[in-house]
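These protein sequence lines map, in sequence, to chains A and B. The first sequence stops at residue 280 when you use the UniProt record's numbering, and every number in between is there. The second sequence stops at residue 349 when you use the UniProt record's numbering, and every number in between is there.
Keep in mind that the hints were calculated from the coordinates and are not lab data. Where is the CB? At the ideal position from N, CA and C, for every residue including glycine. A few of these clues could be false.
[Unchecked claim] Among the chain A residues that face chain B by a calculated CB cut under 8 Å, a handful are: (1) Val34; (2) Gly101; (3) Gln153; (4) Arg272.
[Said to hold, decoys possible] Taking lysine-lysine and the DSS-like style, the derived pairs with C-alpha atoms no more than 30 Å apart in a straight line are: (5) B/Lys231 to A/Lys275; (6) B/Lys100 to B/Lys139; (7) A/Lys275 to B/Lys100; (8) B/Lys137 to B/Lys100; (9) B/Lys100 to A/Lys18; (10) B/Lys282 to B/Lys230; (11) B/Lys282 to B/Lys219; (12) B/Lys137 to A/Lys275; (13) B/Lys219 to A/Lys18; (14) B/Lys231 to B/Lys219; (15) B/Lys116 to B/Lys137; (16) A/Lys18 to A/Lys275; (17) B/Lys116 to B/Lys100; (18) B/Lys219 to B/Lys22; (19) B/Lys139 to B/Lys116.
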Amino acid sequence: MTAAVTTTTRPLPAGTSKLAMTAFWAILRRDILVTARGFVAFLIQAFMQPLLYLYVFGVVLPKIGIAVPGYGGLLLPGIVTLTVFLASVQGIMLPLALDLGFTREIDDRLLAPTPVGAIVLEKVLFATLRGLISAAILFPLAYWILGDEYLVQSGSIPLMAVLIVLTAVLGSALGLVFGTVVPSEHIALAFAALFTPMLFTGCLQYPWASLHSLPVFRVITLFNPLTYSAEGLRYAMVPLSENGAHTPSLAIGWVLVGLIGFAALFFMLGLRSFKSRAIR
Amino acid sequence: MEAAVQGESAVEVQDLVKTYPKAEGNAVDGVSFTIRRGEIFGLLGPNGAGKTTLVGVLTTAVQPSSGAVRIAGADIADALRVKPRIAVLPQTNNLDRSLKAREVLTYHAAYHGVPKAEREARADRLLAELGLADRAKEKVPRYSGGMAQRLMLARALMHDPDVLFLDEPTNNLDPQSRYFLWDRIRELNERGVTIVLTTHDMNEAEQLCDRVAVVDHGKVLVLDTPDELKKIIPGGGLLELHAALPGGAPAATDAAADGADPTLAEGPAADLLRRLRALDAKQVEPLATDGDGESGIARFRLFSDDAGALVPAVIEAVAQEGAQVRDLRLSTPSLEDVFIHLTGRNLRP
């Protein structure tokens, strides 16, 4: 039964590892080319929802007196989470579901001299890059939309960067799971059934610390990985109080544990699922 | 070093078994064979015979349950050594629909580590050879079936494989495209590429293949040259008779298709069959009447070493039954006859 051992768990034979790296970069280059060609589509996909959110919740509601002034500052970290997460998910979930299902376009890449695990890694890396690019585009847009509601402290930029990277990896890993598990004809359904609740129970629009009066909901939010991202970013971005304290949020230690834990879990699940779909 | 790795065989399969989880029985059930370097090798079998699984294992898409496979000297478990040596022309269009035709080729070559200048030159050469040069900049979804097929062939050749696997390549092609593809396959073979072809087109197998393996129920039933395989048929010759029965009686020999003994059936068709069986033929089979066949026409096949010598006796037997000869054909058995003889006539799922 030795033949049944998955080939990718074996060490690369000498001489083939260089070829495997070449293949890896070529596949990544292909994904970047395709995205660059459809850049307008990427912008619409990635930014339509977050920008409208920012304008209506961060500008309109405070201006008409329904939200308190300064809400824009509390909302922006959640919108960063939303944007990075969605851009990453979209970069992997549907393309993978189509490639693995109906068209089997993935077969050509599976025949490339690179381990199956490397192809998965490329997909995740590419989707993560998409998330990071969307974050880079979001900040100037948010500055422009929010105007004097744009309140970001600059003392924790390294932490912010780490959290944004983790959020992008999280989105990519979850996209990997759904892209390999959900059949392509059910992708739209999966989006509605899974992602809509995620976007509303992930502390994107409200700080976790403010949920005292809703103890059950408060616990529910802890099962949503987005809570950890939004809360972490809130800790890092919202201006410090007059005595130099961070805004009340989930403890940053738990944020990192939550993000890394969920991302690792999803990646392992997705890798397994991809392998079982790719090699029968 | 290279020469030491390469033996005389392109593909060696030994005691290969593949069992899918939750499936009854083995999809590939203890198969052993060798494909020689430079050969055009055909895999024939009805749907569900295990061909696709077998080719899947040979092309690293399916994990074997047990057994050993070597491709161009490399163990199949060592997929990274095998993949550069093989190429696959799949049955359905799996071209990268996000790319332009020429990019499909250059990116495929890039995945295989072909240097930039070389892959550009190769792409242009192959596009010209396969008649796609003036459509090279179009996106793949605009390609017709035949063009997609040619582009997939070009893609398969971009990394200069030793062994090319073609999965029912001419299934959906018009005759022009089919002949074009056959010519390309022969050319490639002359350049030293080993070809492994799965098909149920017997004509294709006969025209192209040096050797053919007939596969059914996960096993290789026979493996030989098409000419040798035809000798499996009892007697070297074949006589096919179509007879109009007296009074347009129903050709009740259909029972034979269900496995019942037609000699037990009543009626003129059964009587005629009994008379034919009394002749000096190696084997006589009644043929099922096609749904759209003329009613009252019974069809038979007689196998014999000298089928021509049977003609007078057959005509006499028909006359004695009060029937009329509508058609009487002498032929040598075709690969299709062999195939049906080995795998039966029953419809496969």
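Evaluated hints:
| no. | hint | result |
| --- | --- | --- |
| 1 | Val34 | holds (4 Å) |
| 2 | Gly101 | violated (11 Å) |
| 3 | Gln153 | violated (41 Å) |
| 4 | Arg272 | violated (14 Å) |
| 5 | B/Lys231 to A/Lys275 | violated (45 Å) |
| 6 | B/Lys100 to B/Lys139 | holds (4 Å) |
| 7 | A/Lys275 to B/Lys100 | holds (28 Å) |
| 8 | B/Lys137 to B/Lys100 | holds (6 Å) |
| 9 | B/Lys100 to A/Lys18 | holds (27 Å) |
| 10 | B/Lys282 to B/Lys230 | holds (15 Å) |
| 11 | B/Lys282 to B/Lys219 | holds (27 Å) |
| 12 | B/Lys137 to A/Lys275 | violated (34 Å) |
| 13 | B/Lys219 to A/Lys18 | violated (39 Å) |
| 14 | B/Lys231 to B/Lys219 | holds (20 Å) |
| 15 | B/Lys116 to B/Lys137 | holds (18 Å) |
| 16 | A/Lys18 to A/Lys275 | holds (22 Å) |
| 17 | B/Lys116 to B/Lys100 | holds (17 Å) |
| 18 | B/Lys219 to B/Lys22 | holds (20 Å) |
| 19 | B/Lys139 to B/Lys116 | holds (21 Å) |
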